[in-house]
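Student: These protein sequence lines map, in sequence, to chains A and B. Residue numbering for the first sequence follows our numbering, beginning at 1 and increasing consecutively. Residue numbering for the second sequence follows our numbering, beginning at 403 and increasing consecutively.
Worth flagging that the hints you see were computed from the coordinates, not collected in a lab. Every residue, glycine too, gets a C-beta built ideally from N, C-alpha and C. Any given hint could turn out to be false.
Said to hold, decoys possible - Simulated restraints, written as ranges between beta carbons of each label pair:
1) B:Ala428 / A:Glu75: 18 to 28 angstroms
2) A:Gln105 / B:Ala471: 42 to 52 angstroms
3) A:Ala166 / B:Gln434: 49 to 59 angstroms
4) A:Glu92 / B:Val502: 45 to 55 angstroms
5) B:Asn465 / A:Ala307: 40 to 50 angstroms
6) A:Ala217 / B:Ala431: 23 to 33 angstroms
7) A:Gly300 / B:Ala467: 32 to 42 angstroms
8) B:Ala467 / A:Pro264: 13 to 23 angstroms
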Amino acid sequence: MEMRRKILKAALGGASMMGSGLISRTAQAGLPQGALDSTVLETLPGKQPLLKRAYRPPNYESPVSYFDAPITPNERFFVRWHLMDVPEIDAEQWRLTVGGEGSSQSLSLTLDQLKRDFEPAEIVAVCQCAGNRRGLSDPHVPGVQWGPGAMGNARWKGARLKDVLARAGLKPEVIEIAFDGADRPPLEATPDFIKSIPTWKALDENTLIAYEMNGAALPHLNGFPARIVVPGWTATYWMKKVTRIETLNQPLKSFWMNTAYRIPKGKFTMVDRFLSQESETTTPITEMVVNSLITSIADGQRFARGAPIVVRGLAWDGGYGIRRVEISIDEGKTWLAATPGANLGRYSFLPWKFTYKPQKHGRMSIMARASNSLGSSQPDQLIFNGPGYHNNVIQKIAVEIV
Amino acid sequence: MSISSSRAFMLMLAPLSLGYAAPAHAGEAGIQLKAAPQSVQVRARCSICHSADYIQMNSVFMNKATWEAEVRKMIKVMGAPIPETEVAEIVDYLVKNYGVE
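Here chain A stands alone, though its shape is the one from the complex (with noise of 0.2 angstroms):
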């Protein structure tokens, strides 16, 4: 496959630093001190300023402010990447195969093809890292120290990947289907990012490769020209950039499969188990847990006494339904409803709005809850993991009214 590349030097060159003076101490409170330092506000090529945590491989997160809205528009979306080779892909030289030992052809499909060739899916879906706010674990852990803005929720549209794995005639014994992307290890003896989903997922309906994000193309550093949507699951079955999918019968065996990106068992409430991948002691982590960000209110904000609070934010979990979120202005001893916002789908950020007018002066603190159809909530403690994921703890914001 002819590929024009180009190395992050280009895609990223005309960077603008931005100062750090314009950062919000939402994003930062609970981080690292040496995070807190390294930050700084840059606007990447096409996007709007987005907060840094690495130049490279690039990993930025957006503001919280960015969550006004239950869609992430493309240029407030974030940035994560595993490798530091991130190739600028030419639509019409891209080609994506689709093969392996469990199935009967192998296909070579252009952007035109994927388009024209399989009907067309729409799905709105949040796209969250798996480390999403690792950066709050308490103890911290090592790794790309995020606040709570590795994520982001657009309408993805794309071909089936169910369609097109029929297309390759998929034989009944696959297990896994494997996703690799255009983005490439810096030696040749660093693992390159594959991963891999059970076949059962893969062939669900929502479970798109999609080459429009929000109406438009998939930036550069979204994944263009086209990326896997796994609605429900963490953005690390999210690939970017796909150039191949593999049908397999056996379990991929991978650092990134068989290490990273898993999960003590039985520490949290989940659904859809990844059995082929599971050990005696993890689980490769999959969908998302319930969780919620207050979105209009920062840390150490001041309010007038008497005068109304408008606390806004988001909701969502793994696909199951947001059932309620609640307000709680008392330090987690009652809990208030708040009231849900327009409904898109239940992969979808869920905003919601609670209003208050506080009473007396002095501080206090306003902490949100979601729970879900499964009856699941957001704990009281964190649940405290080793590579910093799932973290969902109750967010607490501390106000001052004068």
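Please build the complex by placing chain B on the supplied structure of chain A, with the hints as guidance.
Tutor: Same frame as chain A, now just chain B:
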């Protein structure tokens, strides 16, 4: 199904005195690691695959065992070409400047 091809960066590894791989982003050149005799060496080795802000953001909370585990992971898992003879010095720098004793 793995991609394999030679990397231009391999050529840049050889003599340490040449420094780290060219910054991919203008901001990366501005990263200042804490000054110490080993800081040039640490930057040269770590920057083959990633910008040095990975070190900065992962501070200050890692002890010697954790930093050493990170360095060994980079060598064993990620294939970083760091000679065994340099490991102790690199870990020592990371613990003293970006870690807890």
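Student: Each hint should be assessed against the structure and marked as holding or not.
Tutor: For each hint, the structure was consulted:
no., hint, verdict
1, B:Ala428 / A:Glu75: 18 to 28 angstroms, "20 angstroms, holds"
2, A:Gln105 / B:Ala471: 42 to 52 angstroms, "45 angstroms, holds"
3, A:Ala166 / B:Gln434: 49 to 59 angstroms, "55 angstroms, holds"
4, A:Glu92 / B:Val502: 45 to 55 angstroms, "53 angstroms, holds"
5, B:Asn465 / A:Ala307: 40 to 50 angstroms, "48 angstroms, holds"
6, A:Ala217 / B:Ala431: 23 to 33 angstroms, "31 angstroms, holds"
7, A:Gly300 / B:Ala467: 32 to 42 angstroms, "36 angstroms, holds"
8, B:Ala467 / A:Pro264: 13 to 23 angstroms, "20 angstroms, holds"
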